[in-house]
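Peer 1: Given the structure of chain X, go ahead and fit chain W onto it with the hints provided.
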Amino acid sequence: MDEEEYQKMIKRCVRCSVCKWIPQVQIKSQKYASGCPAIDIYNYHPYSGGGKIILALAYEMGRIKPSEELRDIVYKCTVCGNCAVACKYMSTLEPIEIMMKLREKLVDIGCGPMPQQKTYIEAVKKVNNPYNEPHEKRMDWIPDDIILDPKAKVLYYVGCTSSYRRKEMAIAAARIMNEAGVSFNILREDEFCCGSPILRTGDSNTFEEILNKNLDIIESKGIETVVFSCAGCYDTFKVDYPLSRKYDFKVKHTVELFDELIESRQLQLTNNVPITVTYHDPCHLGRNAERYEDWDGDVVPLMPLISINIPPKPKRTGSKGIYDAPRNILKKIPGLKFVEMERIQEYAYCCGAGAGVKSAFPEMAIKTAKIRIEEAEDSGADILVSACPFCSTNLQDGIMDMNSKLKYFDISELILMALGLEPEKLKQATTEGA
Amino acid sequence: MLGKEILKEFQDIVGVENIDDGDVMTNAYAYNWCIEFVNYMEDKEPIPFSPIPKAVILPSSTEEVQKVVQLCNKYGIKFKAQSTGLGPWNQPSTDNSVIMDLRRMNRIVKIDVKNLYAVVEPYVSGAQLQAETMKYGLNIHMPGAGPMASTLASHTSMAGPGFTSPQTGYSARNVLGTEWVLPTGEILRLGSLGLKNEPDWYSGDGPGPSLRGIMRGWVGTKSGLGVFTRVATKLFPYPCHTEYVLKGHSPIYDFKIPNFIRAYVVDCKNFKHLEKSFIRIEEEEIALICSHMSSYAIMAIFSYTIESLMDKIAFGSMKSPLLIVIAARTKREFDYKQKVMNHLMEELNLINIIGTKYEPESLFYAECLRTNLGYHGFIATGGFQSAKGQCDSAALCLRAEMKNKPLKQKYIEKGVIANDFGEGAWMTSYESGHFFHMEAPTFFDQTNEESVKGMGEYMKESNQMDLLKHLGVPFFIEGDQLHNHWGPHLMNYHNWLRKIKEAFDPNGVSDSGFYISGNEGDV
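Keeping their order, the protein sequence lines are chains X and W. The letter at position 334 of the first sequence is residue 330 when you use our numbering, and the numbering goes up by one with no holes. All you need for our numbering is the position in the second sequence, starting with 1, plus 3.
Isolated chain X (complex conformation):
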């Protein structure tokens, strides 16, 4: 969003509060009508998507000054995108883009990001991951029996969280690809943070440096497809990188790849897995994983005050997220009963971890996770499944915190079970995170 569009758009919120809920026509109960973790937890209107648009306007008009109060409200948001889906059901407002622009402005004047976020940004600059772990330990997750192919055209981009914190996801993804005969390689010491946790804080300059470094490396290796098990890395490569720099390789999340492999019978799910499962749509794999489409049309004034776009300007509504692939996989696992939660797909409730919230506001992250876990429990499931290491960490933290009987697995672990392979339990549930 350029400055001119931003200045115009921040005047257009009608304060209808639609952004606080899931799309109105999708509301099926009082309990699960809400869609915004920030307003659910902090209650005051400025925590909502619309409220942040008002803050942006008040800031631009000089009515409010940069302050800790402003900064905290702006950063107590997981950038999950529900507000944008709910608002853009009818409107053309972009609450998330406005909020990201506001974060950028706060970073530019030194008011943002949060101190904890500054710490992990420094860690990324120093050791290439937000956890401040030694770079040389990035490959420690790889078991000896994993087969890598240095000549492969498929690159598995492991990501910081799977490399250091959710190793079971990386191992499962690698084993499944080996099992299916997919020839792949990893970047080893050339893999660095994708920049997602930095971008979401509004530090766009640092992010720009990272994306260029990453793209230079991948493009130099003649890679055709990059596969991600991390929804955050996937979203960042798929949606955010092309806004700064286009690239030619394909990107896929592992659920897309595995769905294709199952469909083509390269993977055969034969083992009975008699469990009842519900699936949590990660925001980065769902509504936010919708690419911006190029539009080179004209804004044509039709009559005073009314202009139309010719051709119509594509609107990101969350409808093009990756929703079918994980559900297809789950429905093909023998013996597995799949049940849905009430808030799913583009109006799924966030896990609470994203956009630096887990590090800066851990209490908000946990409260949000607990809301989602309760919804999963209400679905009748025994197992909560997702496809994102951030969601994994935060939801497992939530499960522990509330002593839930629910168990959490990454979807790749269920595939391992269905393949008859013993999933390695390397869960290191930790509250650290970006």
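No wet-lab data here; the hints were simulated from the structure. The beta-carbon is built from N, C-alpha and C at its ideal position, and this holds for glycine as well. Misleading hints may appear alongside valid ones.
Short, incomplete list of chain X residues facing chain W, as computed with Cβ under 7 Å [as the list claims (entries may be wrong)]:
(1) C12
(2) S13
(3) V14
(4) P19
(5) Q26
(6) A29
(7) P42
(8) G47
(9) R59
(10) I60
(11) L66
(12) V81
(13) P300
(14) P308
(15) E342
Peer 2: Quick look at chain W alone, frame taken from chain X:
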């Protein structure tokens, strides 16, 4: 900001985390939709901010509301209560005011299936309550503002016509037992809730005290006469099967259309025939929705983007359109309603465009059932507001529309409001034609100062026209200035209204910016 000692007293009531008097919070609460042209109409700078409240308070119970009100009386601070908060009526009229955001009061207290009412707190939205009542095969009345709006606010404090008004009436008519924190801090329980023995929510008017006229009258007091903390509202049979299946993705969800629902869009060609058709259809008591809209509005309710709205320009040729939706729970009921509609179409020489010239998205039917049609008003320019707001006979409502058309056209030609062919109107019947409501939605651009000013001028002129041409009282006659202007023409009602205000709010703490002050010029 509040003084430290006063802040501490408020904190003791609601907890430290539930009051905020910081610059950021209070400035954000000063913003609202349409406040820019309201400011202009009051000779203020046309910006979308009202006076900044001293603090924002989030009470969680009637008792906390009561204590906040008592503290406001003690220190002479005004209060403005808001729930879901859409519109300028939620804004303080003075910087000596606190906002009570009732968001934490969000419980559905009771759904009485047998006696057909639900009891809710302020922050239960229409969509939430409807979702819960649907589980019992029951429905609620929702205002045209939409399903995201507070049920309590609409029923106790605002006007409240809705798309399903032919069946579900008008908010004021659906109020039953009510819990009311008066401006003095006393709690008054109205209707059967006020009985000494076995108080319950089932009636608003008796046995027990009936003060519906004072409590809200026709258009509500907009927090100008205390705070309503719980209210019982009538429930109605859900109009069709409650199975609700919505697949696909936003925004064009694929709705499994219930078996027994059908929409009609007819062009009545002229106002005279529209009036006759409207009344005849309503006389038969079969319509879930029976709304007259401009052809432009008909285009809008079937559209989800401005581009797709313009695709439907063929609708623009209609002169006096009427949207009718019938729905039934059984085949027998549906057959009957269709038969009656067929008979009426023949009698009135009307042709249904739906199914012949146009087939709406299945989502349209979901939006009819969930009262989401009003939201389409934002498609054109992003901003709209209604002039007029008559509540009267069909003839008077239509006369108001006819008279408004050239006025609107004048402002369209100035380029300050959007071109809806000058027709922009929405009219519905209440309770199967018992009485009617008309308003004139008008599209303006809130980011354009000339448009904002133009909208303000148009609203002023429209109000004045209603007065001079005897078109009834528009629903946005609010605040001292407008009441003082209208009162002398209407049996000096404003003096009586002011006496009510004085009696109920002797210290003038319940912010009267959108009601009337006890002492003129108090605000």
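Peer 1: Decide, hint by hint, whether the structure agrees.
Peer 2: Evaluated hints:
1. C12: holds (5 Å)
2. S13: Check passed: Cβ of X:S13 comes within 5 Å of chain W, closer than 7 Å.
3. V14: At about 5 Å, which falls below the 7 Å cut-off, the nearest Cβ of chain W leaves the hint on X:V14 intact, so it holds.
4. P19: holds (5 Å)
5. Q26: Hint on X:Q26: holds, closest Cβ of chain W at ~4 Å, below 7 Å.
6. A29: Since the shortest Cβ distance to chain W is 5 Å, the answer is holds.
7. P42: Hint on X:P42: holds, closest Cβ of chain W at ~4 Å, below 7 Å.
8. G47: holds (6 Å)
9. R59: Holds. Min distance 5 Å.
10. I60: Since the shortest Cβ distance to chain W is 5 Å, the answer is holds.
11. L66: holds (5 Å)
12. V81: holds (6 Å)
13. P300: Given a least distance of 4 Å, the restraint on X:P300 holds.
14. P308: Since the shortest Cβ distance to chain W is 4 Å, the answer is holds.
15. E342: holds (5 Å)
In terms of the numbered hints stated before, the structure departs from none.
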